[in-house]
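Novice: If you want the building blocks of each chain, they are given just below.
2 protein chains.
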Amino acid sequence: MKKKITIRDLANEAGVSVTTVSQILNNKGERFSKATQEKVFALRDKYKYVPDFNARNLILKSAKTIGVLVPNIANPFFGTFVEGVQSIAREAKFIPLVFSANKDPKLEKYYLSQMIERSISGLVIASATMTTATIKEVISFNDIPYILFDQNHTQDGDRVQTSDYLGGQIAAKHLLKLGHKKIAVLTSDNPTENLNHRMNGFKKVIEKSGLTIIDSHDIIRAPLTKAGGYTAAKEVLATGASAVFAANDEMAIGLLRGLHERGIKVPEEMSVMGYDNIYWDDYVYPRLTTVQQPIFDLGAGATKMLIERINHDSDEARVQSFPVKLIERDSTGPYQQK
Amino acid sequence: MKKKITIRDLANEAGVSVTTVSQILNNKGERFSKATQEKVFALRDKYKYVPDFNARNLILKSAKTIGVLVPNIANPFFGTFVEGVQSIAREAKFIPLVFSANKDPKLEKYYLSQMIERSISGLVIASATMTTATIKEVISFNDIPYILFDQNHTQDGDRVQTSDYLGGQIAAKHLLKLGHKKIAVLTSDNPTENLNHRMNGFKKVIEKSGLTIIDSHDIIRAPLTKAGGYTAAKEVLATGASAVFAANDEMAIGLLRGLHERGIKVPEEMSVMGYDNIYWDDYVYPRLTTVQQPIFDLGAGATKMLIERINHDSDEARVQSFPVKLIERDSTGPYQQK
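For the protein sequence lines, the chains are D and Z, in the order given. First residue of the first sequence: 1, per this note's numbering; consecutive thereafter. First residue of the second sequence: 1, per this note's numbering; consecutive thereafter.
Extracted from the complex, chain D is given alone in its bound form (with noise of 0.2 Å):
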């Protein structure tokens, strides 16, 4: 049987590049000269060249690109999570596109799977959204490698994770031993599986230490915003707690602001806790404490596995687990009686 003419062969005898060729045979060589542009077509017309899908594909594919889809882009913990990205990125020539349906499931399904049709080489997944059937539909259907950094734990595959539970413990463990009797818990309307294990492992210490947190009293709900946790100053006010654990550091330094409109000294009269350690910590005031995720290392790492798992293919799932830990600053302090 004769072998099929390939494009490389028609780049070979032309003199050119494959993406010469690729470029001219589809109408994109207006920047060759005339006659290599006549040559190459007059090669296909030789040879009765017909381009192949597969080769097409494999050009297309020869620039690996990774998409990353984060629910927010204007979210600091995910614009942290996104330069983790693209610093493994970078160095290992991945070309990283970050897209962003703001929670909206439907839209989501509809841009990955244009960024499928678009020969992504694989996917970070950060969003609490993701269903497992629309990674069973799109994803894994289309056979894309993909890493899961999620709010909920419900899917199946790789992924990078934080323990959560251990995270809410080490929150309750430095309001105690600060000497807090009354402790306010300020978390979201509409927790997701992770925020219910964080808040989880916090009442589990406090009530582990003889402590009370009644859900109907004690735990207030907003939502997850710097905004939510400004207008719910005033319900945290009324719990009569001296120290507040919140689910998170947008909404503790919502409250902060909310406290200090108040009238209320931070940390002398109600200490604020809150979750992640993004980077506008420092510059709030007071300064937040808070427990740190190490959320560049969660992007970078979901990005390592996520090209290892593009470069070499296997069947295990593989979970890769990174620490949190305690960053005291100056919102909270010593119990301190009114």
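Derived from the structure by calculation, the hints contain no laboratory data. One thing to keep in mind: the hints can contain errors.
Since the list gives no way to pick one copy over another, a pair counts as held whenever it fits inside one copy or between any two copies.
As the list claims (entries may be wrong) - Below, a list of computed lysine-lysine pairs in the BS3-like style, where the Cα atoms sit at most 30 Å apart:
hint	residue 1	residue 2
1	K39	K136
2	K304	K28
3	K109	K304
4	K93	K136
5	K136	K28
6	K34	K173
7	K173	K234
8	K103	K28
9	K34	K136
10	K28	K106
11	K34	K109
12	K136	K304
We have chain D already, so just place chain Z on it with the hints.
Specialist: Frame of chain D; chain Z shown alone:
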């Protein structure tokens, strides 16, 4: 002449969608029944169907994609800008893909050319490092519509912009109105052209009022970041000024922390003014007075303009200007004699 068989003809005869035929012929048809796959392959052989590069390009282009090039994804200014892009892209059913080469022009150029290979419909370019050469070689050459929101105003093409000169004037008038007589400037150690416009507008008004700003004494230069502003606090104090205009909010916020650590009361002892109105300004202490750029609107406006350009090509370059205005918060106050 006999009409060339198209993928649509195959799809019609097979009773399946064009996408189905495309996927089967791409060897990505495992999801379809064996009967469907065989039917499609048989029709391809019967009609000697030859996939057409242009047809394939049309299919790829049918899902419209906008590339958004920003210098730094983790910067809240560009986070908000991208949210503006997304708001319009979503309505118009374009997919926004964000990429960031962190101010490395070579990497930027490489990423760009790869995006173009992937049949991107257009580009929103918010980058100070993008050169005219790159735009000509990579973007215009491939006939990719683009909109600029850059910091050097050196390139030709459609653009969205604000008046930095006017913004600087607004800042100066505000500080003069508060009675300040000795005013310092904190700007970048590597200013883009728009920052120079901003500072020229500022100086013009100050000098017109009879006051002076001595470059070597009253203008402090530092990296355009929170850390830059923070470490510049000592130098700013050494000027003996009672008010300072920082080139952007990040620097101003860093400066607030530096002043606070030195026991300087803002605004009683020092008024601090920023530029941009990023969404953190309300959550620092004291809340930051600034000149607002309509960041979200700039992203949305650029995207609207781009989609119009994609849909109706014209030769005329367009420029859309957006207003700047004073946002008075708590970090500036009347001059108080020491």
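Novice: Work down the list of hints and note, for each, if the structure agrees.
Specialist: To see whether the hints hold, each was checked on the structure:
For the identical chains of this complex, K39 and K136 are inter-copy neighbours only, at 26 Å across copies versus 46 Å inside a copy, given an alpha-carbon limit of 30 Å. In the homo-oligomer, the alpha carbons of K304 and K28 lie at most 30 Å apart only across protomers (27 Å), although the nearest pairing inside one protomer, at 35 Å, exceeds that limit. Taking identical chains as interchangeable, the C-alpha atoms of K109 and K304 lie at most 30 Å apart whether they share a chain (24 Å) or sit on different chains (24 Å). Taking CA atoms no more than 30 Å apart as the test, K93 paired with K136 passes in both settings, with 28 Å inside one copy and 24 Å between copies.
Proximity of K136 and K28 under a CA criterion of 30 Å is satisfied inter-copy only: 15 Å between copies versus 37 Å inside one chain copy. In this assembly of identical chains, the alpha carbons of K34 and K173 never lie at most 30 Å apart, being 75 Å within a copy and 61 Å across copies at closest. In the homo-oligomer, the alpha carbons of K173 and K234 lie at most 30 Å apart inside one protomer (25 Å), although the nearest pairing across protomers, at 38 Å, exceeds that limit. For a Cα distance limit of 30 Å, the shortest separation of K103 from K28 across copies, 29 Å, qualifies, whereas the shortest one inside one copy, 38 Å, does not.
In this homomeric assembly, K34 and K136 come within 30 Å of each other (Cα to Cα) only across copies, at 20 Å, whereas the closest approach inside a single copy is 48 Å. Taking the shortest Cα distances, K28 and K106 sit within 30 Å of each other only across copies (23 Å), while inside one copy they are farther apart (35 Å). Proximity of K34 to K109 under the C-alpha cut-off of 30 Å is restricted to the inter-copy arrangement: shortest distance 26 Å between copies versus 44 Å within a copy. Taking CA atoms no more than 30 Å apart as the test, K136 paired with K304 passes inside one copy only; the shortest distance there is 23 Å, against 35 Å between copies.
Taken one by one, the earlier hints fail for this structure only at number 6.
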